[in-house]
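Assemble chain Y onto chain G, guided by the hints.
Protein chains: 2
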Amino acid sequence: MFEEKNHKFTPLSELGEFGLIDHLSSLLKAERPDTIQSIGDDAAIIDHQGFETLITKDLLIEGVHFDFFYTPLKHLGYKVIAVNVSDIAAMGGEPTHVVAGIAVSARSSVEAIEEIYTGMQMACSHYGIDLIGGDTTTTTKGMVISITALGRVHKSEAVLRSTARPSDLIVLTGDIGGAYCGLLVLEREKEVYKVNPYVQPDLSAYDYVIRRLLRPQARIDALRELKSLGIKPTSMIDVSDGLSSELLHLVTKSGIGARIYESKLPIDQQTFKVCEEMKINATTAALNGGEDYELLFTMPLSHYEKIKNHPDFTVIGHMTEANLPAILVTHLNEEIPIVAQGWNSFNNSKQSAQ
Amino acid sequence: MFEEKNHKFTPLSELGEFGLIDHLSSLLKAERPDTIQSIGDDAAIIDHQGFETLITKDLLIEGVHFDFFYTPLKHLGYKVIAVNVSDIAAMGGEPTHVVAGIAVSARSSVEAIEEIYTGMQMACSHYGIDLIGGDTTTTTKGMVISITALGRVHKSEAVLRSTARPSDLIVLTGDIGGAYCGLLVLEREKEVYKVNPYVQPDLSAYDYVIRRLLRPQARIDALRELKSLGIKPTSMIDVSDGLSSELLHLVTKSGIGARIYESKLPIDQQTFKVCEEMKINATTAALNGGEDYELLFTMPLSHYEKIKNHPDFTVIGHMTEANLPAILVTHLNEEIPIVAQGWNSFNNSKQSAQ
Chain G
100 MFEEKNHKFT PLSELGEFGL IDHLSSLLKA ERPDTIQSIG DDAAIIDHQG
150 FETLITKDLL IEGVHFDFFY TPLKHLGYKV IAVNVSDIAA MGGEPTHVVA
200 GIAVSARSSV EAIEEIYTGM QMACSHYGID LIGGDTTTTT KGMVISITAL
250 GRVHKSEAVL RSTARPSDLI VLTGDIGGAY CGLLVLEREK EVYKVNPYVQ
300 PDLSAYDYVI RRLLRPQARI DALRELKSLG IKPTSMIDVS DGLSSELLHL
350 VTKSGIGARI YESKLPIDQQ TFKVCEEMKI NATTAALNGG EDYELLFTMP
400 LSHYEKIKNH PDFTVIGHMT EANLPAILVT HLNEEIPIVA QGWNSFNNSK
450 QSAQ
Chain Y
100 MFEEKNHKFT PLSELGEFGL IDHLSSLLKA ERPDTIQSIG DDAAIIDHQG
150 FETLITKDLL IEGVHFDFFY TPLKHLGYKV IAVNVSDIAA MGGEPTHVVA
200 GIAVSARSSV EAIEEIYTGM QMACSHYGID LIGGDTTTTT KGMVISITAL
250 GRVHKSEAVL RSTARPSDLI VLTGDIGGAY CGLLVLEREK EVYKVNPYVQ
300 PDLSAYDYVI RRLLRPQARI DALRELKSLG IKPTSMIDVS DGLSSELLHL
350 VTKSGIGARI YESKLPIDQQ TFKVCEEMKI NATTAALNGG EDYELLFTMP
400 LSHYEKIKNH PDFTVIGHMT EANLPAILVT HLNEEIPIVA QGWNSFNNSK
450 QSAQ
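Each protein sequence line maps, in turn, to chains G and Y.
Heads up, the first sequence is in our numbering, so the first residue is 100 and it goes up one at a time.
Heads up, the second sequence is in our numbering, so the first residue is 100 and it goes up one at a time.
Simulated from the structure, these hints should not be mistaken for laboratory data.
Check each hint, because a few of them may be wrong.
Note: identical chains are not told apart, hence a pair may lie in one copy or across any two.
[What the hints assert, rightly or not] Cut-off 25 Å, straight-line C-alpha distance, at most; resulting in silico cross-link-like pairs (PhoX-like, lysine-lysine):
#, residue 1, residue 2
1, K289, K240
2, K352, K128
3, K293, K378
4, K173, K293
5, K128, K254
6, K240, K293
7, K378, K363
8, K254, K331
9, K326, K407
The shape of chain G in the complex, shown without the other chains:
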């Protein structure tokens, strides 16, 4: 549907594996002073000079994590970098490097892979990181993308999931539930297209939620803002699987309880509208939707004044003592135990790009 039209088509076999690597390398720019050796040897070399190194990895499978029917290749390239950078951000780190593996069918074109790499390079430029290596190979069917992102952090300054304390405030950046609504819209349009391929959909009323799904951003900017406010989170995680699931990670790893309020959940107006249209509960979308890549963190109550009117941070609740459960307080003042219903790739067919 949104596939970018590309009339040039060079079969992969024309370039060969090494030719492709050379060709793709020309699309990439290694610019960081700590990149000692980039693509072109057995391994890349970086020098983190007294910092600790952060490493995170994602494996993305066509048909499971992304759908080419509505995912432009350049956006896909951008997104796979952004979501890994988001994991580095969730450790309080500065992203520095990525290595990328792509496996495609031998019938794929060089131009298609080029589009993905171009999107990757755009994300790398945006986040100030270097793509320094990887692997290109074939699949028998479908595309596989594997990203490892590296970052750095001052010694002992990484923000873990396990260090939240009772009475800490629970804070979210941005708003949540939008990416899931974007997915619902695109899945609906896909069904329409199957019935009538000649209808050109007008999706302008859904621009925000679609962008949330197809082109998420890692909240490096929010980290910088926190730093400038003099706030160091006591624990942090990024919202990839859904707020419920992520909050439970903080609660379980920190060994304490939590209490969040339905009325405080930051949900965009367009997300509300789509939920209404789709006849689903916006709170459900916010709790279980996932893929928003906002940061969920805890911080000392004493910093409340610094962020209480900040447009990009929302206090949604607070941590509680060790013997208490994780609770959602509803609009009706009911207390509901929080359970994870986010993305579970083994028993859930929900489409997800991460």
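Showing chain Y alone in chain G's frame:
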């Protein structure tokens, strides 16, 4: 054929993704002092304390890079670690950490993934490295394994492909061509099995070549031996795609020529026997077979005396001036230009595990 019988079968959906991660984490031991934070957060943390960090990555697809008909799961786990450690060794580095992504069909069993992780842990223990993170997800078909290995090296001490000099000796560790012969034997037995599944093959005469394929080792030991001999290679690469292809990498990146001798190629007796049986030329197997994971390096002529009688190092030729090509001198004293015919995943259906 060689599949390990495993009568216990726990569907993945029973554990779920997070349950699986917890379960697999219990199989892994993080033991290195530079592992600050292992599995269980958004990213892992390592501290290379003044060393440079090496990073390498491989993406392995069932049906393209490995065949479960004759690849035991534990061996596969061991091999995917070993071949990535081999890339770190080829930079002259010390391997330190790996992150592993595995995508499997939702119909796979927990026990199957456990077998692979057990093999990975065996390799990690052997090489003294920690498995500190990764990703587990599903495919629509077949298995995908993605490994990123990290290593460390003293500042500016990494051995690149681009720094060979004219008159340097060209040296190989161990012997080559064996893994390809192992593949030929196993592919033949697979065909026999298809015709008659009740024939139990006796493969004892092929033990060495089969082991070369299914359970290769990274030559960290050879690096240590070189160090103890006071030899620092001037350039280095590991033999994953085949000697021809790897030598051409050194030649091209260093911008000089090379001359190797057919009579000097280190080939095991069992490799010769299989080549005879299969009616292929042993030199062809050695040049283009690949997957032996030996180290190919160059070193100053002045060190010749130190290794000339060493059982594990074989001088196969020498680098030449910039205007000269890469040449194989045959048994008949003919000079043949070397061309890469190794593994090319885009126009070659040759089975390969790397």
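Query raised in the report: Among all the numbered hints in the text so far, which are the ones the structure does not match?
Result: Failing hints: none at all.
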